[in-house]
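S.K.: Residue-level listing of the chains:
Number of protein chains: 2
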Amino acid sequence: MSKLLIVGTVAFDAIETPFGSTDKILGGAATYIGLSAAHFGVDAGIVSVVGGDFPDTYLKDLNERKVNTDGIAIIPSGKTFFWKGKYHNDLNSRDTLATELNVLADFNPVVPEAYKEAEFLMLGNLDPAVQLSVIEQMKKRPKLVVLDTMNFWMDTTWDTLLEVIEKTDVITINDEEARQLSGEYSLVRAARKIQAMGPAYVVIKKGEHGALLFHQNEVFFAPALPLEEVFDPTGAGDTFAGGFIGHLTKTQDISFDNMKRAVIAGANLASFCVEKFGTTRMETLSPGEVQDRLLQFKLLTQFDIELH
Amino acid sequence: MSKLLIVGTVAFDAIETPFGSTDKILGGAATYIGLSAAHFGVDAGIVSVVGGDFPDTYLKDLNERKVNTDGIAIIPSGKTFFWKGKYHNDLNSRDTLATELNVLADFNPVVPEAYKEAEFLMLGNLDPAVQLSVIEQMKKRPKLVVLDTMNFWMDTTWDTLLEVIEKTDVITINDEEARQLSGEYSLVRAARKIQAMGPAYVVIKKGEHGALLFHQNEVFFAPALPLEEVFDPTGAGDTFAGGFIGHLTKTQDISFDNMKRAVIAGANLASFCVEKFGTTRMETLSPGEVQDRLLQFKLLTQFDIELH
Numbered sequence: 001m002s003k004l005l006i007v008g009t010v011a012f013d014a015i016e017t018p019f020g021s022t023d024k025i026l027g028g029a030a031t032y033i034g035l036s037a038a039h040f041g042v043d044a045g046i047v048s049v050v051g052g053d054f055p056d057t058y059l060k061d062l063n064e065r066k067v068n069t070d071g072i073a074i075i076p077s078g079k080t081f082f083w084k085g086k087y088h089n090d091l092n093s094r095d096t097l098a099t100e101l102n103v104l105a106d107f108n109p110v111v112p113e114a115y116k117e118a119e120f121l122m123l124g125n126l127d128p129a130v131q132l133s134v135i136e137q138m139k140k141r142p143k144l145v146v147l148d149t150m151n152f153w154m155d156t157t158w159d160t161l162l163e164v165i166e167k168t169d170v171i172t173i174n175d176e177e178a179r180q181l182s183g184e185y186s187l188v189r190a191a192r193k194i195q196a197m198g199p200a201y202v203v204i205k206k207g208e209h210g211a212l213l214f215h216q217n218e219v220f221f222a223p224a225l226p227l228e229e230v231f232d233p234t235g236a237g238d239t240f241a242g243g244f245i246g247h248l249t250k251t252q253d254i255s256f257d258n259m260k261r262a263v264i265a266g267a268n269l270a271s272f273c274v275e276k277f278g279t280t281r282m283e284t285l286s287p288g289e290v291q292d293r294l295l296q297f298k299l300l301t302q303f304d305i306e307l308h
Numbered sequence: 001m002s003k004l005l006i007v008g009t010v011a012f013d014a015i016e017t018p019f020g021s022t023d024k025i026l027g028g029a030a031t032y033i034g035l036s037a038a039h040f041g042v043d044a045g046i047v048s049v050v051g052g053d054f055p056d057t058y059l060k061d062l063n064e065r066k067v068n069t070d071g072i073a074i075i076p077s078g079k080t081f082f083w084k085g086k087y088h089n090d091l092n093s094r095d096t097l098a099t100e101l102n103v104l105a106d107f108n109p110v111v112p113e114a115y116k117e118a119e120f121l122m123l124g125n126l127d128p129a130v131q132l133s134v135i136e137q138m139k140k141r142p143k144l145v146v147l148d149t150m151n152f153w154m155d156t157t158w159d160t161l162l163e164v165i166e167k168t169d170v171i172t173i174n175d176e177e178a179r180q181l182s183g184e185y186s187l188v189r190a191a192r193k194i195q196a197m198g199p200a201y202v203v204i205k206k207g208e209h210g211a212l213l214f215h216q217n218e219v220f221f222a223p224a225l226p227l228e229e230v231f232d233p234t235g236a237g238d239t240f241a242g243g244f245i246g247h248l249t250k251t252q253d254i255s256f257d258n259m260k261r262a263v264i265a266g267a268n269l270a271s272f273c274v275e276k277f278g279t280t281r282m283e284t285l286s287p288g289e290v291q292d293r294l295l296q297f298k299l300l301t302q303f304d305i306e307l308h
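Quick mapping for you: the protein sequence lines, in order, are chains A and B.
Note that this note's numbering has the first sequence beginning at 1, numbered continuously upward.
Note that this note's numbering has the second sequence beginning at 1, numbered continuously upward.
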């Protein structure tokens, strides 16, 4: 079985949406990526850190969904990373109400021996120094390194971020971040400039407006599925990334054609994630549901038109 | 040859974008719709009104592009409708600097005899009372009536607008307008409510984020082509509508599958419109260029994924 190593946050989230609010629930980029990638039956392991306050049951939940948690260090005297956010009425924007780094502040990632030769490496959104450390611990260069990052790291650790970007094959960022990273407003130009920084593939996430995949002069678009109701967007981007790399890890095929399928797979998984609070929907999601919705993506996008 | 009747404005536009500005140039919804639909080799005629200040050369330009202008009334003592707008840096929003209705204020549309049995009717964005008058002048109910409208008419002539909507088969509006018209934030729900008002097909235009086509429980998505540079978005929505109805008029097929092709055709034409100021690009556009870009739409959206 093909191996996928994921580095990222495992956290407590407290979420407010127009439809309700939660106390501290399971969250974090690596959590969402892992739960999403696990749908592809791959051997996915997480490298992260939590505090003594992190419930065993959360780790067991992850294990039950076939996510390996051996690489999640537990610091008994510390507290787990905590994020609190409130979504605006349109669910397209949010305010961060609290960010407590806690054990994440001194996170020194240790890749378990069993994952040091993983063919696929997903660098979830966190400090580029941590991402770099994980890359350096790999025994051989993975077949594919995917990087997710955000504007915060562009503002604070530009040089290290560029160093990580240079070592990756695929970068996933949102449209505003692509503009900030490249200095170009046009996403076509932004993607070209970012490719020149290292990654041969650039995925630009546009939330409810879908995602674009750029490679050389080619571009592919995966729409977001129009949903009757979006309940909680938390984790949608990470779930997208998890579906993307989960599909690639399963198929072991990193051609552009297969990357197209991978972004559709990511959009598919993300469309479930937003239906309930936090990870709730991802934890009950069945393979049949994923397959059914794949058909909806086909119906949504496929057309038959004559080319003369 | 299949006939298409278009009612809408023929106007002078003055446009400011971050890349430059124009004095009064040819504009108006019916102009863009006509130039776009003409690419499908259909017999398209415009019903509109202009003033004595409207240059003959503009009418000749339209005729040369095979757009029939017999239905454009000329009021020698009047002035042509004038719109002046300034786009913001992101080109996604604009301020209207001037709107001079002029001859449009008392526009009493007269459908030329030759188009009273047109199988396809495109109601471009203007006063619903004018749209209604055109519907009532048709000798027989057209095979398909497509309505474009905007928030202004929802704010000012709600009842007449609803009367028009009830008589149409397809409505094209943007996402904010769909929300206003339906009172629903979710576009899926909005489309369902709007269908209940009359039109069996609802097209929601999202500008650079593409367009959604709803019919009963089906939905199809046409992306906007990612462009290296957008020069002037003026007329893009009308050009989309013109490509949509042009394709349908040419093929005479109003099935959902063919409507999918029609929204792709609309997105295709619109992707050219924005490349230059005003109608400039549309006037030089060749069938070969349109065909080539259709291939780009296929590459952008088509994927081959196994459904178990």
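Don't take each hint at face value.
Claimed, not checked - Stretch by stretch, here's where chain B covers chain A in the computed footprint (C-beta under 8 Å, at least three residues): (1) 32-43; (2) 74-80; (3) 97-106; (4) 205-212.
What the hints assert, rightly or not - List of simulated lysine-lysine pairs, DSS-like, C-alpha gap at most 27 Å: (5) Lys206/B / Lys206/A; (6) Lys298/A / Lys193/B; (7) Lys206/A / Lys86/B; (8) Lys276/A / Lys86/A; (9) Lys206/A / Lys298/B; (10) Lys193/A / Lys140/B; (11) Lys276/A / Lys193/B; (12) Lys298/B / Lys140/B; (13) Lys86/B / Lys116/B; (14) Lys116/B / Lys250/B; (15) Lys86/B / Lys66/B; (16) Lys276/A / Lys206/B; (17) Lys24/A / Lys116/A; (18) Lys66/B / Lys3/B; (19) Lys143/A / Lys167/A; (20) Lys86/A / Lys143/A; (21) Lys86/B / Lys276/B; (22) Lys167/A / Lys206/A; (23) Lys86/A / Lys139/B; (24) Lys143/A / Lys79/A; (25) Lys193/A / Lys298/B; (26) Lys116/B / Lys206/A; (27) Lys250/B / Lys167/B; (28) Lys298/A / Lys140/B; (29) Lys139/A / Lys193/A; (30) Lys116/B / Lys298/A; (31) Lys116/A / Lys167/A; (32) Lys3/B / Lys139/B; (33) Lys140/A / Lys84/A; (34) Lys206/B / Lys276/B; (35) Lys86/A / Lys66/A; (36) Lys250/B / Lys24/B; (37) Lys206/B / Lys250/B.
In case anyone wonders, no lab produced these hints; they're calculated from the structure.
All C-beta atoms, glycine included, are put in the ideal place defined by N, C-alpha and C.
S.K.: Hint by hint, note whether the structure agrees.
M.R.: Evaluation of the provided hints:
Coverage of a stretch by a chain is defined here by at least three residues with a beta carbon nearer than 8 Å to that chain's beta carbons; for the segment 32-43 of chain A and chain B the count is 0, and the condition is violated. As drawn, the segment 74-80 of chain A meets chain B at 0 residues by the rule of a beta-carbon pair under 8 Å; below three, the given contact is violated. Here's how the segment 97-106 of chain A fares: 0 of its residues keep a CB closer than 8 Å to some CB of chain B, so the rule of at least three is not met and the hint is violated. Check on the segment 205-212 of chain A: 4 of its residues sit with their Cβ under 8 Å from a Cβ of chain B, so the three-residue criterion for coverage holds.
With a C-alpha separation of about 13 Å, the suggested pairing of Lys206/B with Lys206/A holds against the 27 Å cut-off. Restraint check for Lys298/A and Lys193/B: satisfied, since their Cα atoms lie roughly 25 Å apart, inside the 27 Å limit. With a C-alpha separation of about 26 Å, the suggested pairing of Lys206/A with Lys86/B holds against the 27 Å cut-off. Distance restraint check for Lys276/A and Lys86/A: the Cα-Cα separation of roughly 15 Å lies within the 27 Å cut-off, and the hinted pair is therefore satisfied.
Only pairs whose Cα atoms come within 27 Å are accepted, and Lys206/A paired with Lys298/B is accepted, the gap being roughly 20 Å. A distance of roughly 56 Å separates the Cα atoms of Lys193/A and Lys140/B; the hinted pair therefore is violated under the 27 Å criterion. Simply put, Lys276/A and Lys193/B have alpha-carbon atoms about 24 Å apart, close enough for the 27 Å limit, and the pair holds. Taking the CA atoms of Lys298/B and Lys140/B, the gap is about 37 Å. The hint is violated against a cut of 27 Å.
Between Lys86/B and Lys116/B the CA atoms are separated by roughly 38 Å; this puts the pair beyond 27 Å, and the hint is violated. Pair hint Lys116/B plus Lys250/B holds up; C-alpha atoms about 18 Å apart against a cutoff of 27 Å. The suggested pairing of Lys86/B with Lys66/B is violated, with an alpha-carbon distance near 31 Å, which exceeds 27 Å. At roughly 26 Å between alpha-carbon atoms, Lys276/A and Lys206/B fall within 27 Å of each other, so this suggested pair holds.
Taking the CA atoms of Lys24/A and Lys116/A, the gap is near 32 Å; set against the 27 Å cutoff, the hint is violated. The straight-line distance between the Cα atoms of Lys66/B and Lys3/B is roughly 12 Å, inside the 27 Å bound, and the hint therefore holds. For the hint pairing Lys143/A with Lys167/A, the CA-to-CA distance comes to about 12 Å; that is within 27 Å, so the pair holds. Using a Cα cut-off of 27 Å, the hinted pair Lys86/A and Lys143/A is violated, with the two alpha carbons roughly 38 Å apart.
Annotation: proposed proximity of Lys86/B to Lys276/B holds, straight-line Cα distance about 15 Å (limit 27 Å). Under the criterion of a C-alpha separation no larger than 27 Å, the hint pairing Lys167/A with Lys206/A is consistent with the structure, at around 24 Å. Restraint check for Lys86/A and Lys139/B: not satisfied, since their Cα atoms lie roughly 57 Å apart, outside the 27 Å limit. For the hint pairing Lys143/A with Lys79/A, the CA-to-CA distance comes to about 35 Å; that exceeds 27 Å, so the pair is violated.
Restraint check for Lys193/A and Lys298/B: satisfied, since their Cα atoms lie roughly 25 Å apart, inside the 27 Å limit. Distance restraint check for Lys116/B and Lys206/A: the Cα-Cα separation of roughly 45 Å exceeds the 27 Å cut-off, and the hinted pair is therefore not satisfied. The suggested pairing of Lys250/B with Lys167/B holds, with an alpha-carbon distance near 22 Å, which does not exceed 27 Å. Only pairs whose Cα atoms come within 27 Å are accepted, and Lys298/A paired with Lys140/B is rejected, the gap being roughly 38 Å.
A hinted pair counts as satisfied when its Cα atoms are at most 27 Å apart, and Lys139/A with Lys193/A does not qualify at roughly 30 Å. Our distance criterion of 27 Å between C-alpha atoms is broken by Lys116/B and Lys298/A, whose separation comes to about 40 Å. In summary, the hint linking Lys116/A to Lys167/A is supported, as the alpha carbons are separated by about 17 Å, within the 27 Å threshold. Under the criterion of a C-alpha separation no larger than 27 Å, the hint pairing Lys3/B with Lys139/B is consistent with the structure, at around 14 Å.
As the CA atoms of Lys140/A and Lys84/A are separated by approximately 38 Å, the hinted pair breaks the 27 Å bound. Using a Cα cut-off of 27 Å, the hinted pair Lys206/B and Lys276/B holds, with the two alpha carbons roughly 20 Å apart. Of the pairs offered as hints, the one joining Lys86/A and Lys66/A is violated, with about 31 Å between alpha carbons and a cut-off of 27 Å exceeded. Annotation: proposed proximity of Lys250/B to Lys24/B is violated, straight-line Cα distance about 33 Å (limit 27 Å).
For the given pair, Lys206/B sits about 25 Å from Lys250/B by alpha-carbon distance, which is consistent with the 27 Å threshold.
The earlier numbered hints that this structure contradicts are 1, 2, 3, 10, 12, 13, 15, 17, 20, 23, 24, 26, 28, 29, 30, 33, 35 and 36.
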